[in-house]
Amino acid sequence: MAQIIDRRQNDSKKNLVNRQRFLRRYRAHIKQAVSDSISKRGIAEIDTDEQINIPAKDTSEPHFQFDNGGFVERVFPGNNHFVTGDRIPRPDTSGSNGAAGSATNQSVVGEDDFVFTLSKEEFLELYFEDLELPDLIRKELALTMSYKIVRTGITTSGNPTNMNIVRSMRQAASRRIALGTGTKRKLHQAQLDYLMRVLLLCFAGLYSDIDQQGLLILTQRIAYLQKKRHALPFLDTLDLRYNNHLQVQTPTTTAVMFCIMDVSGSMDAAKKDIAKRFFILLYLFLTKNYTKIELVFIRHHTSAKEVTEDDFFYSRETGGTVVSSALELLYATIIARYPVGSWNIYVAQASDGDNWNADSPYCQELLHNKIMPLLQYFAYIEIMPRHHQSLWDVYQQVNQQHRNFAIQNIDNVNDIYSVFRELFKKKQTI
Amino acid sequence: MSMKSLVKPLSTGADWTLELLYAYDREISRIAHDFRLDTYPNQIEVINAEQMLDAYAAVGMPIGYHHWSFGKHFVGIEKNYKRGYMGLAYELVINSNPCISYLMEENTMAMQALVIAHACYGHNSFFKGNYLFKMWTAADAIIDYMVFAKNYIAECEERYGIDAVEALLDSCHVLMNYGVDRYKHPTALSLNAEKIRQQNREIYLQSQIDELWRKTVARTNPRAMSENIDHFPAEPQENILSFIEQNAPLLKPWQREIIHIVRNMSQYFYPQKQTKVMNEGWACFWHYTILHALYDEGLVTDEFMLEILQIHTNVILQPAYDSKEYTGINPYTLGYNMMQDIRRICENPSAEDLQWFPYLAHTDWYSSLDKAMRDFKDESFIAQYLSPKLIRELKFFQVIDDDQKEELIIGAIHDDMGYQIIRDSLARQYNLGHLEPDIQVCTVELDGDRTLVLHYTQHNRIPLSKHTRDILKHLHILWQFPIKLCVMDVHGSINMEYSFP
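Protein chains in written order, with my numbering: chain A, 1352 to 1781; chain B, 559 to 1059.
The following block holds chain A by itself, in its conformation from the complex (with noise of 0.2 Å):
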């Protein structure tokens, strides 16, 4: 007699801990995948769902096994025309050996990539891992709260300019269905029986009291319950629905990112290509890591302009370089609405490090003097695959002067993530 156990009821997930011991150990293939995408991926679906591949040969897990050749024999079924002794032409050993299926010879079982979906969260989870706006602490404490409306449903009372109409409506249609139809229904049936009754007597000539009695109490009943139904309110008070808005606490945003980027004519589309992809890396990291921070967007050739995240990504504008014009808007910007006490202040800078000879060591001297002592962390990149300009030593001077400074180069698209990572990574707070 046999026990019969129903385990249905038991958890499910007996694999779990398996499952994550193999996204452990194939970490490193599923980031380097990711980094891989991104410089594949075009500029606007950088963020979006990502199918990992795994070489077969590194998830594989090899035995002994025999190679094709040599001397074998095998036996298959559903033999429809051979007869003993007869040739027949190899086939292409290249493939699964043809007829003689792989699945005969155990030897020669082939194995697809591994192949498997990260979510766009995943993605940007394992992309983004580790790294964070260095020293974001020391303002955090200044953290102010503000208020926000934000919608809570329907409520049966309110302000009548919050009044939402379609629900008040679809309330009244579904109250007057409940209560009209058996009233309805009541007062055709009245009807339909005095009609009959009024044939019956022009046919049959039938008339008594009893008749006439009836059909008095019929036009009373008719009457009464026309007068119930037209007493239906088309809309009572009752169905009456409004919006619903509660103040809700917020904290205010207490960082904020200044991207500047370099748009003059020595950018070429290559240059510009990869200095966008690093803004909308940083972007999204910001944004995904950093709900409350603010953004704002300078770009420059001769002068500088703060535009719009659009702007900033698709504008096409172009001309000479000084890129002092920016610093100084960058200075302006933060004097008038970035107060340092409240704010965190970052800049991502990117160039190609061509500039206005003259112009670098004004450059300098905003930094040091000016720039500098109000920011947290300044990240520039120069990409530039070869040798570098003026404005990449004045900026290396100031590298040693700020301890929050910090300089890389970017030779080609490939570079984008290790720079990234490089600038963002986490750092150990002394």
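Calculated directly from the structure, the hints in this document are not laboratory data.
For each residue, glycine too, the CB sits at the ideal point set by N, CA and C.
It cannot be assumed that every hint is accurate.
[To be verified] List of simulated lysine-lysine pairs, DSSO-like, C-alpha gap at most 30 Å:
1) A/Lys1382 - B/Lys1024
2) A/Lys1382 - B/Lys963
3) A/Lys1382 - B/Lys1031
4) B/Lys692 - B/Lys831
[Said to hold, decoys possible] FRET-style restraints, in silico, Cβ to Cβ:
5) A/Pro1440 - B/Lys637: 32 to 42 Å
6) A/Lys1382 - B/Gly571: 48 to 58 Å
7) B/Val565 - A/Thr1435: 30 to 40 Å
8) A/Asn1594 - B/Gly571: 46 to 56 Å
9) A/Lys1382 - B/Lys637: 50 to 60 Å
10) A/Ile1528 - B/Asp573: 34 to 44 Å
11) A/Asp1437 - B/Arg1019: 18 to 28 Å
12) A/Thr1435 - B/Gln913: 47 to 57 Å
13) A/Lys1382 - B/Gly991: 53 to 63 Å
14) A/Thr1435 - B/Glu964: 17 to 27 Å
15) B/Arg584 - A/Gly1421: 51 to 61 Å
16) A/Asp1437 - B/Thr871: 24 to 34 Å
17) B/Asp573 - A/Asp1437: 51 to 61 Å
18) A/Thr1435 - B/Asp961: 35 to 45 Å
Fit chain B to the given chain A structure using the hints.
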């Protein structure tokens, strides 16, 4: 018919309930025992699809240690299942005492009955009766041992880090197929007596004793014999993992224990690999026979039987070699047909059968079939029982693929001249020795840099796959000194050498 009308069917309709499962099991059990089937007690577990996926990924073990490869397996299966590339098996059965079988909740009543007959009485009696299972596996102890293994490995992970344990397991898994003593004499094993004591290190000592015993048996390898006595090991060792466990100089005790655990797993699965055809054939034969008996007694309805027959037909379908569905010889088809054929030959032999199977004709079919189940493995079972009639029915033909000839040659077909050739050839196809390269530990260069030298003895000039060097890498992780693998031809001369590092 008169009897049928008196008996009420156990159920009508497709739905099942736990009460019905008990009712069917009672009847199936009664019939199975009428047929003299000897089984372990049954433990039937009803599970859902997700749990079935779990069970799959754990290669059919109810408890397993943690390893990424099971996770990979699971992710793969889950993906295929969710995309509808793959259905799930109706059942899964574990060779243990009591014998654990899983029923999927989605199955209809008829399918559940089929699974009970197939797994709980078919496979179960095979596990209990077949000599390989008796020899190699300890059904009583396996679950306890799995618990021990899981805890031990978890403990190691805690103490030595997940990475260290994982790397070791990786290497062990690679060599898993070489962790079995293929030729160890059955009497040397007393695993049944060991029972729970397996959990202790005693098993390690026990295997040491076994090793000593085995080493005294003379081997017929003339080359090894002719070399000098200082040769270590004295005899070539086919159990590579065992050799490493006992002789790798730098392994820590916990590492040896983990190697030992993997060896035990390997040993547990060893009989299953060698009896696929027989095991499935036996189980199919019995679900067919038992459910027909139920039907004859009027205990199941016509609809029930139609569904059973439809599933049965699908299970034993053998696509032809040139069909798109062909994925090799279906072990269910071959096994089931051979089992039925043995019964037919016993009960109703033709003139041909009298000539081929004088020892079967007109004997009690159950005893003959029972003997076949107990004393054979796939290779010998086919060599002994594959009849000309079945070769004709399945239209077997043999193809010779010689890489020194331009074309493939049809060596034999299903005719008078071919029966014996096909039977022998098919039997060889199920010889594990022909499916896995014959690789043995030959020497350790004790005087030199402790290089571990392995020999691959080549049959029919078949080369090793291109992964071979990767495997040496894993061997190196275990042995921690250089590894050399020599490919030997039949004359004993070295054709080729792989080495790592």
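Open item on the list: Taking the Cβ atom of A/Lys1382 and the Cβ atom of B/Lys637, is their distance within the range 50 to 60 Å?
Closed with: 21 Å, violated
Is the gap between the beta carbons of A/Lys1382 and B/Gly571 within 48 to 58 Å?
54 Å, holds
Using the Cβ atoms, figure out if A/Pro1440 sits within 32 to 42 Å of B/Lys637. 38 Å, holds
### Task
Indicate whether the distance between the beta carbons of A/Asn1594 and B/Gly571 respects the range 46 to 56 Å.
Since the Cβ atoms of A/Asn1594 and B/Gly571 sit about 53 Å apart, the hinted range of 46 to 56 Å holds.
| said: Range first: 34 to 44 Å. Now tell me if the beta carbons of A/Ile1528 and B/Asp573 are that far apart. | reply: Holds - the Cβ-Cβ distance for A/Ile1528 and B/Asp573, about 40 Å, lies within 34 to 44 Å.
Restraint status (C-alpha distance of A/Lys1382 to B/Lys1024 at most 30 Å):
28 Å, holds
Quick check on a hinted range of 18 to 28 Å for A/Asp1437 and B/Arg1019, using CB atoms only. 23 Å, holds
Does the Cβ distance between A/Thr1435 and B/Asp961 fall inside 35 to 45 Å? 21 Å, violated
Quiz item: Between B/Val565 and A/Thr1435, is the Cβ distance one that fits in 30 to 40 Å?
Solution: 54 Å, violated
- [ ] Would you mind confirming whether the straight-line C-alpha gap from A/Lys1382 to B/Lys963 stays at or under 30 Å?
- [x] 48 Å, violated
| Are A/Thr1435 and B/Gln913 spaced within 47 to 57 Å by their CB atoms? | 21 Å, violated
| query | Do the beta carbons of A/Asp1437 and B/Thr871 sit within 24 to 34 Å of each other? | reply | About 32 Å separates the Cβ atoms of A/Asp1437 and B/Thr871, which means 24 to 34 Å holds.
Checked against the numbered hints above, the structure violates hints 2, 7, 9, 12, 13, 18; every other hint is satisfied.
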